[in-house]
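Novice: Given next are the chains, with one letter for each unit.
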Amino acid sequence: MPEEVQKEIEEVLSREYEWGFVAPIEEEVAPPGINEDIIRYISEKKEEPDWMLEWRLKAYRIWKSMWERGEEPHWAYAHYPPIDYQAISYYAAPKKKPKYGSLDEVDPEIRRMFEKLGIPLEEQKALAGVAVDAVLDSVSVATTYRKKLEEMGIIFMSISEAIREHPDLVRKYLGTVVPPGDNFFAALNAAVFSDGTFVYVPPGVKCPIELSTYFRINAARTGQFERTLIVADKNSYVSYLEGCTAPMRDEHQLHAAVVELIALDGAEIKYSTVQNWWTGDEEGRGGIYNFVTKRGLCAGKNSRIMWVQVEVGSVITWKYPSTILKGDNSVSEFYSVAITNKRQQADTGTKMIHIGKNTRSRIVSKGISAGYGNNTYRGMVKILPSAENARNYTQCDSMLIGNNCGAHTVPSIEVRNPTAVSEHEATTSRIGEDILFYCRQRGLDEEKAIELIISGFAKEVLRQLPMEFAVEARKLLSISLEGSVG
Amino acid sequence: MKTLLEIRNLRAGIDGKEILKGINLQINAGELHAIMGPNGSGKSTLAQVIAGHPAYEVYEGEILFDGENILELDPEERAQKGIFLAFQAPVEIPGVPLLEFLKTALNELREARGEEPVDTMTFLNKVKELAKEIIGKEEVIYRGVNEGFSGGERKRNEILQMRLLEPRFAVLDEIDSGLDIDALKLVAKHINEMRSPERAFLLITHYYRILEHVKPDVVHVLYDGKIVRTGDYNLALEVEEKGYDWLLETANA
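Protein chains in written order, with the numbering used here: chain A, 1 to 486; chain B, 1 to 253.
Keep in mind that the hints are not guaranteed to be accurate.
Below 35 Å or equal to it, Euclidean Cα-Cα: the simulated DSBU-like pairs (lysine-lysine) are [as the list claims (entries may be wrong)]:
1) A:K448 / B:K126
2) B:K128 / A:K459
3) B:K21 / A:K475
4) B:K21 / B:K2
5) A:K459 / B:K132
6) A:K448 / B:K128
7) A:K448 / B:K132
8) B:K242 / A:K448
9) B:K137 / A:K459
10) B:K2 / A:K459
11) B:K128 / A:K475
Derived by calculation from the structure, the hints in this document are not laboratory data.
From a predicted model like this one, the values you see are computed outputs, not experimental measurements.
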């Protein structure tokens, strides 16, 4: 590679994270460490009922015994120093916790921060079709469009509020898809989850707008433990968008979210994510550890769950949005594009567990590796004996940029019903200087060229995103790869 | 006559290996020059260096376009000034529909000239028409750029792009190789239709064949990184009859 190209790459890669700033908002932070007193402290701060505290304590004890037995998972293709769980603070909340009647009352500092992030909190943006439940450091500060949704019987609020206002619904479904003992990080989340989102769509209701929540980490040493629960009752429909950015920080930040989706008979849930947490510096220092458990349950007949994810950020990603296809004729799709650049390591994929008859799943995974990034697709397709005529199709493509990155594919297919069919296709390709030069010769600058090439590669995934996200996501992909092609 | 492209004492190569060893060339607006030469003489390197491929290094000399030295310009800036390269081996861009690619390219060029983006319907009709005429089928515009295209179709696609983007200076790098006689005639027809007093061409070829159809104004012979002979159309005829060895003997004499 010519020296100046190398220089150019270094320059672009060393550019500061565009959204790496910190808003000076006074915060109330719990002392570092995890123990039963901290769990009680969190629960009390959130004015939770006793059953919730008991649920958390039970989860904490599960986590503690997992910890003592050394069950923190290390099988992912990722390398990082041990996490000191006692050095993390598990709760942070804005000191003033006002209840806003209108957006005008929201702390201008917070509003400026949201605006800088391009979060469409304003009414006109909501009118354009996006209702935003903005989560700032684990506590909801503003909710738009809620009234209108309420009229349709749709519940869309922070999970803390839902625990207080709709305890029966939350209690009925919380932890039914991802039980506290499911895995190490799910147990940790169940014990200390700070806030998150609750959505309930009543029978027969089609949610008319894309529901969206923006997450943001704003306090050093404070892990984010979001908890999302979405229930789509019979024959209902909801599309939910989750997008996040995080400010630059020096030390690693642990993010261990749990997302549970439940689709009853004939219901459909579409869950889209654009993940852009801070990736760390050139050496990966300061990047977010993103250890997420996302799982959906197609509980009812003819139900449908679709996962769409654009994974661009975090220094380490451990994430497998999965679906249990329990209802007969249920369908699940997983569309993913994941970029690893610099020192990012992503171990991501999906699990499709077929239980019901005539269940169908489709997996489309696009991994892009650049810099010193490592991208692993880890997938599992399991067809149980009860899943007559189950169908699965998996397509898994990797693109390499440069010579120092890696792409890995770890598929696992288990078919235990002779009528089932599972197909798997995989490819690996490379963006070369020649393809880039071809575009530039036609008048496209490097950024436009990469955007075009990547959008072509990830087309199948991007076109699944809701319109509001598709353009942003496409832009994000090219920004995160800028200068990585020599 | 106005000089469009001027190359002065150009020395260039790749990975430290010198391939062009002092090229001097002047192409006026309205002219079509042909460069002939055996394999390895540096023909494609010349094309790539004019277009600004970043892998190539320039050790000495200048390339002036409209009197301005373009060696410091990025490939896209050269394209925006009106330089077009028809690639010898056009690449495939999977998943990017040809239509979208062409529209992006045209709008980038228009923007650089301070023009409004092209009207979508006008554009679509134009591209369909060109695709039908040059590649032989309209539906290719919805496929990925060169995805699943045969070698001949890729070459035709280069001509389609030249017609659409209407450059002021086009370098055609072995546009004739791998084409059957009908395709060759079609390519020549489009080159001829585009010839105008404002526009110039540099046609790189191994063979005399295409020159019969696009009578060049000037013919150069490139050998070992240098232009060893320059003449008119008759020089191409002589090369065809006697081969390159004959030339070398006279050049060295």
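Novice: None of the hints should be skipped; say for each whether it holds.
Specialist: Hints, one by one, checked against the model:
1. A:K448 / B:K126: Distance ~23 Å between A:K448 and B:K126 Cα, so the pair holds.
2. B:K128 / A:K459: Holds, at roughly 23 Å.
3. B:K21 / A:K475: Given that 35 Å is the threshold and the Cα spacing comes to 43 Å, the pair is violated.
4. B:K21 / B:K2: The given pair, whose Cα atoms are some 26 Å apart, holds under the 35 Å limit.
5. A:K459 / B:K132: The hint holds at about 26 Å.
6. A:K448 / B:K128: Roughly 24 Å separates the two Cα atoms, so the pair holds.
7. A:K448 / B:K132: Holds, because 28 Å separates the two Cα atoms, which is no more than 35 Å.
8. B:K242 / A:K448: Not OK: B:K242 and A:K448 at ~48 Å, beyond 35 Å, violated.
9. B:K137 / A:K459: At roughly 24 Å apart (the allowed maximum being 35 Å), A:K459 and B:K137 satisfy the hint.
10. B:K2 / A:K459: Not OK: B:K2 and A:K459 at ~46 Å, beyond 35 Å, violated.
11. B:K128 / A:K475: It holds: about 29 Å lies between the C-alpha atoms, which stays within 35 Å.
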